[in-house]
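K.L.:
Here are the chains, one letter per residue:
2 protein chains.
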Amino acid sequence: MTATPALDPPARVLLGPGPSPVHPRVYRALSAPLVGHLDPEFIALMERTKDLLRRVFQTRNTLTLPISGTGSAGMEACMVNFVEPGDRVVVAVCGLFGQRLAEVARRCGAMVTAVEAPWGEPVPPEALAAAVMKERPKLLAVVHAETSTGVLQPVAPLADAARECGALLLVDTVTSLGGVEVDVDGWGIDICYSGTQKCLSCPPGLAPITVSDRALAALHQRHAPVQSWYLDLGMIEQYWGQDRVYHHTAPVSMAYALYEALRLIDEEGLPRRWARHQANHERLVRGLEALGLSLPVAAPWRLPSLNAVSIPDGVDDLALRRALLRDWNIEIGGGLGPLKGRIWRVGLMGHGATAENVVLLLTALGSLLAAHGFSVRPGAAVEAALAV
Amino acid sequence: MTATPALDPPARVLLGPGPSPVHPRVYRALSAPLVGHLDPEFIALMERTKDLLRRVFQTRNTLTLPISGTGSAGMEACMVNFVEPGDRVVVAVCGLFGQRLAEVARRCGAMVTAVEAPWGEPVPPEALAAAVMKERPKLLAVVHAETSTGVLQPVAPLADAARECGALLLVDTVTSLGGVEVDVDGWGIDICYSGTQKCLSCPPGLAPITVSDRALAALHQRHAPVQSWYLDLGMIEQYWGQDRVYHHTAPVSMAYALYEALRLIDEEGLPRRWARHQANHERLVRGLEALGLSLPVAAPWRLPSLNAVSIPDGVDDLALRRALLRDWNIEIGGGLGPLKGRIWRVGLMGHGATAENVVLLLTALGSLLAAHGFSVRPGAAVEAALAV
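For the protein sequence lines, the chains are E and H, in the order given. The working numbering puts the first residue of the first sequence at 1, with every later residue one more than the last. The working numbering puts the first residue of the second sequence at 389, with every later residue one more than the last.
Hints are computed from structural coordinates only; laboratory data are not their basis. All C-beta atoms, glycine included, are put in the ideal place defined by N, C-alpha and C. Any given hint might turn out to be false.
Said to hold, decoys possible - Covered, in the sense of this in silico footprint (three residues per stretch, anywhere, with C-beta under 8 Å from a C-beta of chain H), are these stretches of chain E: (1) 250-258; (2) 338-350.
Unchecked claim - Computed spacing ranges between beta-carbons, pair by pair: (3) GLY622(H) - GLU356(E): 37 to 43 Å; (4) ASP185(E) - ALA394(H): 24 to 30 Å; (5) GLY622(H) - ASN329(E): 33 to 39 Å; (6) MET499(H) - SER294(E): 43 to 49 Å; (7) GLY680(H) - PRO10(E): 45 to 51 Å; (8) MET623(H) - ALA298(E): 31 to 37 Å; (9) ARG551(H) - LEU318(E): 43 to 49 Å; (10) ASN329(E) - ALA707(H): 41 to 47 Å; (11) GLY337(E) - PRO412(H): 40 to 46 Å; (12) MET521(H) - ALA130(E): 56 to 62 Å.
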């Protein structure tokens with residue numbers, strides 16, 4: 001038996017693809033005293049949480065609640081409940097999370113049509129509309145904010161085609177909700193999920209979802225039972241609804257954290273919060289360009305919360321990220337799949353989307369590049385970032 | 389827009405079926421600063437957590453880790469990875485969680501044989517061995533500690549029959565692990581899962597599992613892909629193993645809490661911890677009997693961590709539990725299924741299994757019963773509990 005050291009994590013500046021920095025009030029909420037998952041106080045908290053989630057999703061959907069798992073569990077919940085074996089599903093694929101949507105749909109027995117675009121671009125809405133007209137699928141699934149590439153996928157233009165063909169519109173908003181506008185009702189989204197650890201600035205562990213009445217009707221008309229018991233929304237809605245039928249023990253401490261994170265969003269207000277994300281994204285872009293770095297995603301498609309940065313020739317990806325972590329306590333992300341070693345991913349999410357963090361990262365990155373012989377001036381990047 | 393009140397949960401004494409009381413050190417761990425899920429510090433923590441889990445499961449299994457969901461997600465992970473459509477599965481059913489195992493197996497496409505016993509008794513090991521001999525299933529699944537009835541199911545006698553027929557032995561230890569002896573390797577268990585919120589005394593949200601090499605070989609020989617992407621152990625082991633391949637974002641704060649909870653268990657030592665659970669169970673039983681209350685489960689089958697108590701005639705179940713919560717801040721559980729309104733379920737789990745809690749509950753229960761006209765003396769119950 002070896003002695004096990006005490007928990008003593010370092011204080012990182014989390015500027016990667018998530019988890020994002022957590023507000024002190026959310027940390028405090030995490031350690032609030034536990035109550036039972038059927039305690040009247042917890043049930044009151046559940047009701048308030050549903051209301052707060054409706055505000056951030058911009059929806060009036062009754063079925064709006066956090067799934068007891070991370071964002072990927074939200075993805076799976078949204079697929080398994082609405083797709084039955086043999087159903088047709090059209091998926092927009094221009095990055096890892098679009099691929100994952102397609103894979104999860106296949107594991108539900110769906111016949112999947114992937115409409116692809118190069119990594120670094122969105123899938124053209126016209127191509128998706130055409131595929132929906134041709135396939136007449138049960139579901140059209142898109143990733144709003146593709147975390148693997150830093151691309152924002154237009155969603156609003158998709159609802160008309162989906163409605164016309166009777167397809168449900170499913171949207172992944174893991175890296176947009178709470179940082180970039182998401183308008184579930186306005187955009188005609190039927191099924192939407194997110195994760196807590198991105199722009200909601202809460203630790204990872206819950207996946208907020210919302211489901212339209214139209215999608216709910218489809219759920220209640222299923223032929224086969226949902227293949228996942230744990231993610232069966234028909235049963236979960238009985239616990240989160242008026243019946244309070246025990247399904248599984250809710251993750252109480254994480255529910256506290258989410259509640260406090262949503263209260264912070266509510267206090268800031270969504271438009272101010274989106275504007276803050278946009279402003280700090282623009283600061284970062286100006287600063288990166290002053291360092292001579294380029295962004296592989298074209299300006300109109302850039303996701304403010306997740307910034308892809310091309311790794312300049314002659315820089316060792318892993319060595320630089322290790323130095324950032326070791327010397328500056330800053331985490332940024334590497335590329336995934338075909339973009340591994342080619343991009344860095346800089347998250348400016350939730351509580352982390354601040355001018356201070358932009359300036360700190362530019363200073364650190366500039367200093368490390370200068371130390372590697374690049375002719376860059378961190379101070380100039382900071383000035384460029386802060387210039388109005 | 390209505391104002392949303394600040395989070396302010398009451399300080400409950402959690403003596404229900406879970407969540408159980410959390411140690412102050414675990415609360416502190418929950419609010420430790422977040423690091424990234426691929427941070428070297430987090431990876432070191434993952435390694436230590438696997439070691440600590442192996443100690444509490446009493447196993448040398450390589451694949452030992454927490455699933456990112458509650459105990460029910462652990463159950464589903466253990467089924468979906470090892471059962472393929474058409475496989476035969478034998479399940480011991482003598483309560484709600486046995487029923488749930490059977491239901492989850494059915495949703496994996498299994499042909500399920502349920503070997504039943506009345507709620508309040510274990511399933512005779514001979515009956516399970518006979519069913520395994522007859523069915524020659526892929527899997528034999530049993531609940532070690534049936535939370536719905538408070539019955540401890542003998543597990544050690546099952547391995548021989550399972551091995552002889554080439555069946556994998558799957559055991560639910562949600563309400564036993566860390567409070568009652570569980571000996572994964574000694575008892576020949578192939579697949580075992582638990583939950584964090586019972587005798588491990590950590591908030592709900594993670595499901596520790598362990599898988600034998602024999603079961604792992606079966607996993608790697610599957611024909612069909614695992615129907616759940618989120619719970620696909622082949623992918624999860626690549627993240628928790630040496631490869632560190634990103635699968636989903638680990639619930640970092642909950643991982644901190646589990647680590648600290650496991651450290652507390654390690655410091656106490658398993659035999660002392662089991663003895664503490666047993667001693668306080670016996671105190672509770674003596675006190676309840678002094679109050680004139682009876683336990684529906686026969687003494688040899690009683691689960692120390694979850695005590696079923698018969699509700700006496702003339703007592704309103706819900707009204708009494710509400711008074712316990714309102715006047716004494718004590719949570720106990722009601723009955724489930726056929727036992728609804730017939731039993732209370734008193735959990736003495738982990739940090740909550742103390743003489744102080746036993747005395748407090750006996751005092752509260754005795755006082756409430758006396759106020760309802762029962763001729764009971766709370767003081768006599770306390771004395772009986774504390775008598776050696």
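K.L.:
Return the numbers of the hints above that this structure violates; sort them in rising order.
P.N.:
Of the numbered hints, 2, 6, 7 and 10 do not hold.
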